[in-house]
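*Asks:* So you can see what is in the structure, the chains are spelled out below.
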Amino acid sequence: SAVISQKPSRDICQRGTSLTIQCQVDSQVTMMFWYRQQPGQSLTLIATANQGSEATYESGFVIDKFPISRPNLTFSTLTVSNMSPEDSSIYLCSVEGAWTDLQETQYFGPGTRLLVL
Amino acid sequence: SQQGEEDPQALSIQEGENATMNCSYKTSINNLQWYRQNSGRGLVHLILIRSNEREKHSGRLRVTLDTSKKSSSLLITASRAADTASYFCATDSSYKLIFGSGTRLLVRP
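So the protein sequences, as listed, match chains A and B.
Quick note: the first sequence, position 21, residue 21 per my numbering, numbers continuous.
Quick note: the second sequence, position 26, residue 26 per my numbering, numbers continuous.
In isolation and in its complexed conformation, chain B is listed as follows (with noise of 0.2 Å):
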């Protein structure tokens, strides 16, 4: 089953505007990490924040983490219309990955 809920599920915006896409999850982790998709096809690592980090960042990504709440968020500044695509959390508890049910982001032109 799912770990991870993430909402919303879809955010459209406009170029230029942040994106903040969250992340809810139930067990305790090792890490946490964000992955992007594109149009159904494979999935790209962006940002991987440990368990003991509080907050992240990797160029116009910002990452936080609050285990108290089981929570993460990612923004996304300064959005262009190329960071169109699905966003997915994903935990990390043994070696397994337990993906986020995904956050679809529009960002228009």
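Chain A on its own, in the form it takes in the complex (with noise of 0.2 Å):
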């Protein structure tokens, strides 16, 4: 499987203010995802980030709010704009590749924690 990282770790905003979440990729990969895990609850997909074009956004969250960027096949950021104290949540980016059998599992990053204050 591959090797996933996130940037920051946890983070802790002013409301109002903009954090930008990186998650970085050992190998290529085709398919990029980001998520949503609000406290106490389960994962909700934000949108899959697609090299080369605009993301595609899930039912509920808009580009203006987190836009996303996929500029290759190893790379994403997400941007958390305008932050409110309801956006605090884990935030994490998975990846689903073609380098084995299983390319349908997708594998996660460790997360990024947000508190906004």
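In case anyone wonders, no lab produced these hints; they're calculated from the structure.
The model shown is predicted, which means the values in this text are computed figures rather than measured ones.
Ideal Cβ placement from N, Cα and C applies to all residues, glycine included.
One or more hints might be untrue.
Lysine-lysine pairs mimicking DSSO-like chemistry, simulated, CA-CA at most 30 Å apart [what the hints assert, rightly or not]:
#1 B:Lys26 / B:Lys96
#2 A:Lys65 / B:Lys96
#3 B:Lys69 / B:Lys56
#4 A:Lys7 / A:Lys65
#5 A:Lys7 / B:Lys26
#6 B:Lys26 / B:Lys70
For the chain B half of the interface with chain A, some residues (derived, Cβ under 10 Å), not all of them [as the list claims (entries may be wrong)]:
#7 Glu6
#8 Asp7
#9 Gly42
#10 Leu43
#11 Phe99
#12 Ser101
Mind docking these for me? Both chains are given alone in their own frames, and the hints should help you get the complex.
*Replies:* Written out as structure tokens, the structure is:
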């Protein structure tokens, strides 16, 4: 499986500011995803990060609030814009690649724990 | 919206006992996957079962899938304190994973 890292691992931010989270994979992958996990909840898919084109957002998530970049096959960023306390969550990136037979399997980064005051 | 519902929401057992978690889903799927999460950290992939499979084993894990009932179960045998974590099922109906609500497992030493 790929090694996935995220930066920062955690942050405390003031409301109204923005935070950019980075996701780096040690090998080229076709699909990268961003998830949000609110406190005590399950994971919700925010968007699919597409290399070379605009991200595909799920219902309830918009580009103005969560702009995503995917400049190449190993890197993506998620920005949480104009933050409010309701954005306090763990944000996780995941990848799905074709390097094994189980290409449907998604592998997750360690997550970024965000607290908005 | 979440596709899967899991029960129980929380489970407390003694070390050495077996733990069974159940997952139900709503739409047709390509496969169903189980993940473990320790203390709000990243998720660890445990096992994947395809829609044409009924049972799968991996070490102390046994997963069943009943597509007619749209349900799956995860059995952890001979549990250990290190198995304490949250367990999530996730269904793959296109290329996206839709996660269930999760089961918090506590294994008491």
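*Asks:* Against each hint, give a clear statement of whether it holds in the structure.
*Replies:* Here is what the structure says about each hint:
no. : hint              : result
1   : B:Lys26 / B:Lys96 : holds (15 Å)
2   : A:Lys65 / B:Lys96 : holds (21 Å)
3   : B:Lys69 / B:Lys56 : holds (17 Å)
4   : A:Lys7 / A:Lys65  : holds (19 Å)
5   : A:Lys7 / B:Lys26  : violated (35 Å)
6   : B:Lys26 / B:Lys70 : holds (7 Å)
7   : Glu6              : holds (9 Å)
8   : Asp7              : violated (13 Å)
9   : Gly42             : holds (4 Å)
10  : Leu43             : holds (4 Å)
11  : Phe99             : holds (4 Å)
12  : Ser101            : holds (5 Å)
Figure legend: structure checked against the earlier numbered hints; hints not met, in rising order: 5, 8.
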